[in-house]
Amino acid sequence: MRRVFAFSTIALAAALAACSHGGNGGTTPPVTQPQSANVSQQKMLREQERVPSSFVAPKHPGFIAEMPDTQTWTQGIAQAGEAPVPGGMFDIVNQYNTIQNGQHVTVYAGSIRPTGAGILLVVRRSADLHTVNAQTMTVASSAVRIESASGSDLQLQQIGRSAQAIQVRVPL
Amino acid sequence: MLRSILTLVAGCALVAVSYANAIAAPAATTSRYMATTNRTTLYNEGCSMGTAGLSGIVILDFGEPYYSGGEGTYTYGSAFASDSSIVNAAEGFLDGFWNCSGSSPQLRLAIGTSNYGSHTGNSAGQAWGGAVNTLKNYISSKGYGSQEFARGAIDAEPGWDTEFSRTSAWIDGYNAATTAPLYDYGSADDCPYSGFSGNCDGWGQHGLWYVSWGNSDGYPVPEIYQWSMGDQWYYESAYSASSEANGKLDFLGTMTQYSACGCGSSTYTPAQGFNTLQSLINGNSSTAYTMSYSTDITWAN
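The listed protein sequences derive, respectively, from chains A and B. Sequential numbering of the first sequence, starting at 1, is according to this note's numbering. Sequential numbering of the second sequence, starting at 1001, is according to this note's numbering.
Hints in this document: simulated from the structure, not taken from any laboratory. Mixed in with the good hints there might be a few duds.
Unchecked claim - In silico PhoX-like cross-links for lysine-lysine, where the CA-CA straight-line distance does not exceed 25 Å:
no.: 1; chain 1: A; residue 1: Lys43; chain 2: B; residue 2: Lys1136
no.: 2; chain 1: B; residue 1: Lys1142; chain 2: A; residue 2: Lys59
no.: 3; chain 1: B; residue 1: Lys1136; chain 2: A; residue 2: Lys59
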C-alpha cells in the first residue's frame, strides 16, 4: 500500500510538473527562468507611463478638407527604396516610378523567396493615395533589375549566371 | 488514485488548451506604409480611428533611413521626408485622434522606419529618438496625455543587414536619445523554429533579442504573416527565457499585413496572426504572456 502511495506521489509530481510546463509537444528544450520578473515588470511599467499634461485639451470633432498633396512624386528609376513588403518575402533590387492615368505607379524589381524567381511588384496608388492595389508578375528564373523604362515598357536585366536582357510591358 | 492522476493530467491539458484559446484577439488597428507627410491626410486618418473608438498601437512606416541635408527617410512615395516633416505629419494624426475620439480610447502612435539601406546607423537612430521626444513634448503641451503615447518603431529584418552592425548602431543611437519605447515590428528571418535551425541571417538569437527586447527601449510587436513566423518568435522567446537576463519576450502584440499584401489566403488575418503567437507562447509556461494589441498594415494613406 505504501509502495502504491509512493508511486502515486511521484506520478502526481510528474503530472504537475508537466502541467506547469504546458503542452508544447516537446518541441522546445526545457528552460530555466532566471531572476527576470522584476526587470520585465519594470520595463512594462515604463511602457505604460503617461506623458504629463497639466491640462486636458478640449475636443473639436470632425474631419477637415484635404488640400492637394504638394509632395513631389519622383519619377524614373531609383536604386534606393525599400518595398512596402516584408523583406522575408521579396528581395528588391530597384524601382521605377511614373504617373499613368492620374495614378502613382511604382514598379519594384527583384526576386521572390524562396524560389528566387525574378519578379516585378506593381503598386498603383490613386492620386489622393487613399486607394491602392498591387500585383506581382513573375518574369524570369532569377532576380531582375530595371535598366530603362519608357511608359509601360521596361527593359530588365536578369542578374546571375544567365544574365539576359528582358523586355516587359507592364499593364499600367 | 491512478484514475485521479489521469483525470488531473487530462484536466491540465484541457486547461492549457482552453487558456491558449480563451484570449480573444483585440480589434485590429490600421498601420500604414506612408507615401505622404501631408498633415491634413494624417489628421483625417487619426480622426477615422478616433471616430471608430479604437484603441491600440498604430505604426506609421515612413520607409528606410535616408539623408538629404538632414536625417529623414525615403518614403513609399519615392521621396525624401525629413524627420521634422514626419513629426509634423504625426502631430496631425495625434490632433485628429484627440478631436474625434471619446474620452476612453488610447492611442500608442509609433513613427516607424527600418534597417534597410546604407543610411541605417547611429546618427539616424539618434535623430529618430529625438523626433519621438518632440512628439512626446507635443502631446504634453497640447494636453493629450490622458489618451495618447508617442513611440518609435523599427521594421528590423535580419536579411537587410546581415552584419548587424548598422542595425545595432541605430538601436544604440535611439536609446541614447530617448527613453520612449521602441517597437520592433520586424521579422525573425532565418531564425530557428520547429524542424529548422537557422542563425537569423547572421544575427543569432542574441542579436534578435537585443533588437526586440534586450535594448532598454525595445518591445516586440512582431510581424506574424504565417505560422512559421509565429513559431520563430516563440522560439526566440524560449531562447530569451533560458539565456538572457530579462527573461521571456513580453510581446505587446502582433502586426499582420492582410490589407497590404494582396496575397489572399496566403497571409494571416489580424486575428489569425494574433491567435497564432498567443497560442504558441502560452503553450509553454516559460514563455507565457498575454498580449494586448493587434495591428494590420495597409498601403493606403
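Evaluated hints:
1. A:Lys43 to B:Lys1136: Between Lys43 (chain A) and Lys1136 (chain B) the Cα gap is close to 18 Å, so the pair holds against 25 Å.
2. B:Lys1142 to A:Lys59: Holds, because 11 Å separates the two Cα atoms, which is no more than 25 Å.
3. B:Lys1136 to A:Lys59: holds, 19 Å
Of the numbered hints given earlier, the model fails none.
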